[in-house]
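Given the structure of chain A, go ahead and fit chain B onto it with the hints provided.
Number of protein chains: 2
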Amino acid sequence: MITGKNYIGNKLSAKGDKTFQSLNPALNSSNEWIFTEATSEEVDEAVQLAWDAFEIYRTVSSEKKADFLTTIASEIEALGDSLLEVYCQESGLPRGRAEGERGRTLFQLRSFANLIQEGSWVDAAIDTAIPERTPLPKLDIRKMSIPIGPIVVFGSSNFPFAYSTAGGDTASALASGCPVIVKSHSMHAGTGEMVASAIIKAVQKCGMPNGVFSNLTGGGRTVGAQLVSHPFVKGVGFTGSIQGGRALYDIAAQREEPIPVFAEMGSINPVVILPGALQNDLDKWSTAYAESISGGTGQFCTKPGLILGIKGDLLSQYTEDLGAKLVALAQGCMLHSSIHSNFNHGKELISSQSGVSVVAAYEQDVKPNYAQQRLTTVEGKTFLANHTLHTEVFGPFALVVQCENEQELVAVIKALEGQLTGTIISDSSELANYTNVISALQNRVGRIVFNGVPTGVEVCPSIVHGGPYPASSDSRFTAVGIHAIKRWVRPFSYQNWPQELLPLELKDENPLGIIRLVNNISTAKAIESTTKELNI
Amino acid sequence: MITGKNYIGNKLSAKGDKTFQSLNPALNSSNEWIFTEATSEEVDEAVQLAWDAFEIYRTVSSEKKADFLTTIASEIEALGDSLLEVYCQESGLPRGRAEGERGRTLFQLRSFANLIQEGSWVDAAIDTAIPERTPLPKLDIRKMSIPIGPIVVFGSSNFPFAYSTAGGDTASALASGCPVIVKSHSMHAGTGEMVASAIIKAVQKCGMPNGVFSNLTGGGRTVGAQLVSHPFVKGVGFTGSIQGGRALYDIAAQREEPIPVFAEMGSINPVVILPGALQNDLDKWSTAYAESISGGTGQFCTKPGLILGIKGDLLSQYTEDLGAKLVALAQGCMLHSSIHSNFNHGKELISSQSGVSVVAAYEQDVKPNYAQQRLTTVEGKTFLANHTLHTEVFGPFALVVQCENEQELVAVIKALEGQLTGTIISDSSELANYTNVISALQNRVGRIVFNGVPTGVEVCPSIVHGGPYPASSDSRFTAVGIHAIKRWVRPFSYQNWPQELLPLELKDENPLGIIRLVNNISTAKAIESTTKELNI
Numbered sequence: 001m002i003t004g005k006n007y008i009g010n011k012l013s014a015k016g017d018k019t020f021q022s023l024n025p026a027l028n029s030s031n032e033w034i035f036t037e038a039t040s041e042e043v044d045e046a047v048q049l050a051w052d053a054f055e056i057y058r059t060v061s062s063e064k065k066a067d068f069l070t071t072i073a074s075e076i077e078a079l080g081d082s083l084l085e086v087y088c089q090e091s092g093l094p095r096g097r098a099e100g101e102r103g104r105t106l107f108q109l110r111s112f113a114n115l116i117q118e119g120s121w122v123d124a125a126i127d128t129a130i131p132e133r134t135p136l137p138k139l140d141i142r143k144m145s146i147p148i149g150p151i152v153v154f155g156s157s158n159f160p161f162a163y164s165t166a167g168g169d170t171a172s173a174l175a176s177g178c179p180v181i182v183k184s185h186s187m188h189a190g191t192g193e194m195v196a197s198a199i200i201k202a203v204q205k206c207g208m209p210n211g212v213f214s215n216l217t218g219g220g221r222t223v224g225a226q227l228v229s230h231p232f233v234k235g236v237g238f239t240g241s242i243q244g245g246r247a248l249y250d251i252a253a254q255r256e257e258p259i260p261v262f263a264e265m266g267s268i269n270p271v272v273i274l275p276g277a278l279q280n281d282l283d284k285w286s287t288a289y290a291e292s293i294s295g296g297t298g299q300f301c302t303k304p305g306l307i308l309g310i311k312g313d314l315l316s317q318y319t320e321d322l323g324a325k326l327v328a329l330a331q332g333c334m335l336h337s338s339i340h341s342n343f344n345h346g347k348e349l350i351s352s353q354s355g356v357s358v359v360a361a362y363e364q365d366v367k368p369n370y371a372q373q374r375l376t377t378v379e380g381k382t383f384l385a386n387h388t389l390h391t392e393v394f395g396p397f398a399l400v401v402q403c404e405n406e407q408e409l410v411a412v413i414k415a416l417e418g419q420l421t422g423t424i425i426s427d428s429s430e431l432a433n434y435t436n437v438i439s440a441l442q443n444r445v446g447r448i449v450f451n452g453v454p455t456g457v458e459v460c461p462s463i464v465h466g467g468p469y470p471a472s473s474d475s476r477f478t479a480v481g482i483h484a485i486k487r488w489v490r491p492f493s494y495q496n497w498p499q500e501l502l503p504l505e506l507k508d509e510n511p512l513g514i515i516r517l518v519n520n521i522s523t524a525k526a527i528e529s530t531t532k533e534l535n536i
Numbered sequence: 001m002i003t004g005k006n007y008i009g010n011k012l013s014a015k016g017d018k019t020f021q022s023l024n025p026a027l028n029s030s031n032e033w034i035f036t037e038a039t040s041e042e043v044d045e046a047v048q049l050a051w052d053a054f055e056i057y058r059t060v061s062s063e064k065k066a067d068f069l070t071t072i073a074s075e076i077e078a079l080g081d082s083l084l085e086v087y088c089q090e091s092g093l094p095r096g097r098a099e100g101e102r103g104r105t106l107f108q109l110r111s112f113a114n115l116i117q118e119g120s121w122v123d124a125a126i127d128t129a130i131p132e133r134t135p136l137p138k139l140d141i142r143k144m145s146i147p148i149g150p151i152v153v154f155g156s157s158n159f160p161f162a163y164s165t166a167g168g169d170t171a172s173a174l175a176s177g178c179p180v181i182v183k184s185h186s187m188h189a190g191t192g193e194m195v196a197s198a199i200i201k202a203v204q205k206c207g208m209p210n211g212v213f214s215n216l217t218g219g220g221r222t223v224g225a226q227l228v229s230h231p232f233v234k235g236v237g238f239t240g241s242i243q244g245g246r247a248l249y250d251i252a253a254q255r256e257e258p259i260p261v262f263a264e265m266g267s268i269n270p271v272v273i274l275p276g277a278l279q280n281d282l283d284k285w286s287t288a289y290a291e292s293i294s295g296g297t298g299q300f301c302t303k304p305g306l307i308l309g310i311k312g313d314l315l316s317q318y319t320e321d322l323g324a325k326l327v328a329l330a331q332g333c334m335l336h337s338s339i340h341s342n343f344n345h346g347k348e349l350i351s352s353q354s355g356v357s358v359v360a361a362y363e364q365d366v367k368p369n370y371a372q373q374r375l376t377t378v379e380g381k382t383f384l385a386n387h388t389l390h391t392e393v394f395g396p397f398a399l400v401v402q403c404e405n406e407q408e409l410v411a412v413i414k415a416l417e418g419q420l421t422g423t424i425i426s427d428s429s430e431l432a433n434y435t436n437v438i439s440a441l442q443n444r445v446g447r448i449v450f451n452g453v454p455t456g457v458e459v460c461p462s463i464v465h466g467g468p469y470p471a472s473s474d475s476r477f478t479a480v481g482i483h484a485i486k487r488w489v490r491p492f493s494y495q496n497w498p499q500e501l502l503p504l505e506l507k508d509e510n511p512l513g514i515i516r517l518v519n520n521i522s523t524a525k526a527i528e529s530t531t532k533e534l535n536i
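Here the protein sequences line up with chains A and B, keeping their order. Going by my numbering, the first sequence opens with residue 1, and the numbers climb by one from there. Going by my numbering, the second sequence opens with residue 1, and the numbers climb by one from there.
Treat the hints with care, since some could be wrong.
Just so you know, same-sequence chains aren't split out, so a pair can sit in one copy or run between any two.
Unchecked claim - Under the rule of at most 30 Å between Cα atoms (straight-line distance), these lysine-lysine pairs were calculated in the BS3-like manner: (1) K5 <-> K18; (2) K414 <-> K507; (3) K284 <-> K507; (4) K284 <-> K138; (5) K507 <-> K486; (6) K525 <-> K486; (7) K201 <-> K11; (8) K414 <-> K284; (9) K414 <-> K11; (10) K205 <-> K11; (11) K5 <-> K201; (12) K507 <-> K138; (13) K5 <-> K15; (14) K414 <-> K64; (15) K525 <-> K507; (16) K15 <-> K201; (17) K525 <-> K64.
If you are wondering where the hints come from, they were derived from the structure by calculation, not from laboratory data.
Just chain A, with the same shape it has in the complex:
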């Protein structure tokens, strides 16, 4: 049941008078539920509860935290089909996607559970004492990662499950030992409330402290801004637009105590298609890219928005082929009417720039909120002269840039902002001639792909989802994969600390059997004996 209320810790609450509804974009009509925006008082209450919960939650054992995460996963599963139905009603996304994304969300929760149960992720380092060292004795010092405090997670519009209420940001923060306050995405507030109810059930079943999780709704920016400004909030996770992410970053940076914001923002995901690949596999790559550009109605952060090639008959043929295949695909519903109108605006903005021509466009009428695909093209020198052409158009749209030669191709890549991904499509034999292209691309992106498509972000330890600004606000972290947990922890040292008071991760006997850096050697062995206490 969807109540339209906020979860302030374990309690449903709706003290405010501002309300809103989510949209069913496929039907272009409002959904039935009425959501009440959290009041300033409720926001404060949620953060205060999270702060108090942090005192307890940061000392909860990894085993119990892992159990909590897997219980969240089970409780989400237990919501069954009704959750999938609400997801589809609020997102316009098809049932298959709902199922797939739920699977990914459960997998993420369980991956973080496994990570913390294994335990080595805390990067334990131990340097044992050398009392006889001169001129000064060496003291015993031991380090591990500890959580930083309550984290605010913003639900993303395009991943109502995997990057929202119980998505990667929430899972990684809870795994690290940080309480989470979710600012639910207003476009799928019903989905959000249902997932939140599953988390709250898990909190109660697992005996976690009240306030370790809250779910706040709001139609505008007020709730989010208050959360990010609150002195007891210590970090922020966000997936969305550059404008939105930067606004939060700015609030966080201007606080008396600035806090880290990991915002995964915009990317046009350049793809370089080299002549050899066009020669041998033109058809294969036009098919693959028509699908990659329009998959999920083009609403993936990693959608290829920019295709770079070297001018010539082959590139022209590829462009025509890609355009034809793109417009032949089924038209998809977009997430929301505002995303749909932004898509139309962006598409027209690029298309209307001097020197840009439309290769193919789906022109027939579609249902409201359905996207009409379009492919455009421009010459390299025109692209270099017009920064508007770098704009991300969220939806099934791409721009093919025809470069005069390899030199111009490198110049175009170097002129790009930071990107989540970059892709090279190539015949292996020609790669040696394009080392400058590869090197330039590597310096602009977080993940480089060879002969593939950038869409489809594998959840695994080796993935990087992030990149130089504005792909993300801090390129030193990834938002996807188990190492996303590193965003929410800080290293902490114990010096000359009594064995009995050390956490399990740092005790001589290594009861958790984790890998530790002991006197600069990576090992899972116990430490045989150390000087217990070295007084000065």
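The following block gives chain B in isolation, referenced to the frame of chain A:
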């Protein structure tokens, strides 16, 4: 020879007309050398060179980078006694300290050389392909850390060697593959130029690209502000005051592309001394703390500035004893006349607050720039009511807070800003009664010390030098120890990338023999065979 010029890459340059001199604080007279502040054009030239050098330097092998670092160390050693003399002339610090700090600096350079030569620091993670996986094949993905770009390092006033020109920030950035532009500290610009000359010699001997290192001088804030604003600068390292660090953080956060700033700023390093320790070891701890408060003339980031205890005869006796011992120690020269006047100002500011009494003060005349130690005390409730009492006083000064009971002690700790260190002085038998104190302290600091002093920061893998704001601007990193390198790198993924183009760290055969996370198992083994390329 000290020329007073800037190093723009390998070239000495002095195009400007603003000049300044450093002070010999012990003699209270200007040193002979005249330094020319870098012009805006010279700043731009240095950054442009660094940007170009980055293209090359980021691909230099670890072995060659390690050789570069050890050559820097040898070239610094080769400067011999003349370097130590200039250090003492510009800092007022004694010869023994100069030698010790030089040793630490060389050790740091060599530690980073060892780290990158061993190679596992890049946190390589490999997930091999599973072509037969359904519904979608799993692609081969491989991740490692790569450098982020040119880093600006600000020389610190209190560590002319170890946290300045070739100090920990520079060594860690160069080790990571990032070029460095040092904004030399004006108070020891001569020391800085000599060390810079050693680095430039190493650049040339090792065939490193011109621009991988520059050294810029400036008397005010103009040069630093221009550096931090420059679009080609990608990170900043700073050690100094909260005001200075925050100003740089703000510039960096307001850029079109915000960049990470690691500023190690202020700390009053609270020390909790519990009744059992006072009962058994009062004399030992008053001796140790008199020395810790006044060591280096109280000019360490980790100087204990706040001593917290529970009111009673024992604490009174300890306070008297500590005060007597503190003022009996020799008066030390401070680094500069402005640091000396700030010390006097801060000392008076605290002493003049309502409820603060002076326990002991050295009142006799001293030479100019020499510090007169002082110990003060206040009640817990007064401390809680007056935020001015949290002010860091840089120099041989401390405040003893007499708390009514354990509850008030916890309240005082919770009211503190973030700190580099926290210390518990205790008889082990009483610790169990103070778990709330320990827990509260842990949540406020980067390093917790048992029965010791916070001064003396061991350079080792397990050290954390950093902490919640304002101890540092990003508690998720340490400024000291080999893991300081993590500040300057970002994770980077290769997806489906050809073996022959992968960096050595990620090749199947693991030619460097590093520890990698392969399919979620930490191992130094080679990978037997992987699907070379998986086309979609």
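Do the hints match the structure? See the list:
{"no.": "1", "hint": "K5 <-> K18", "in the structure": "within (12 Å within a copy, 64 Å between copies)"}
{"no.": "2", "hint": "K414 <-> K507", "in the structure": "between (49 Å within a copy, 27 Å between copies)"}
{"no.": "3", "hint": "K284 <-> K507", "in the structure": "between (56 Å within a copy, 28 Å between copies)"}
{"no.": "4", "hint": "K284 <-> K138", "in the structure": "between (63 Å within a copy, 19 Å between copies)"}
{"no.": "5", "hint": "K507 <-> K486", "in the structure": "both (22 Å within a copy, 25 Å between copies)"}
{"no.": "6", "hint": "K525 <-> K486", "in the structure": "both (24 Å within a copy, 25 Å between copies)"}
{"no.": "7", "hint": "K201 <-> K11", "in the structure": "within (11 Å within a copy, 67 Å between copies)"}
{"no.": "8", "hint": "K414 <-> K284", "in the structure": "within (28 Å within a copy, 62 Å between copies)"}
{"no.": "9", "hint": "K414 <-> K11", "in the structure": "between (51 Å within a copy, 27 Å between copies)"}
{"no.": "10", "hint": "K205 <-> K11", "in the structure": "within (15 Å within a copy, 68 Å between copies)"}
{"no.": "11", "hint": "K5 <-> K201", "in the structure": "within (16 Å within a copy, 67 Å between copies)"}
{"no.": "12", "hint": "K507 <-> K138", "in the structure": "within (18 Å within a copy, 38 Å between copies)"}
{"no.": "13", "hint": "K5 <-> K15", "in the structure": "within (9 Å within a copy, 66 Å between copies)"}
{"no.": "14", "hint": "K414 <-> K64", "in the structure": "between (48 Å within a copy, 27 Å between copies)"}
{"no.": "15", "hint": "K525 <-> K507", "in the structure": "both (11 Å within a copy, 28 Å between copies)"}
{"no.": "16", "hint": "K15 <-> K201", "in the structure": "within (22 Å within a copy, 69 Å between copies)"}
{"no.": "17", "hint": "K525 <-> K64", "in the structure": "within (24 Å within a copy, 33 Å between copies)"}
Taken one by one, the earlier hints all hold for this structure without exception.
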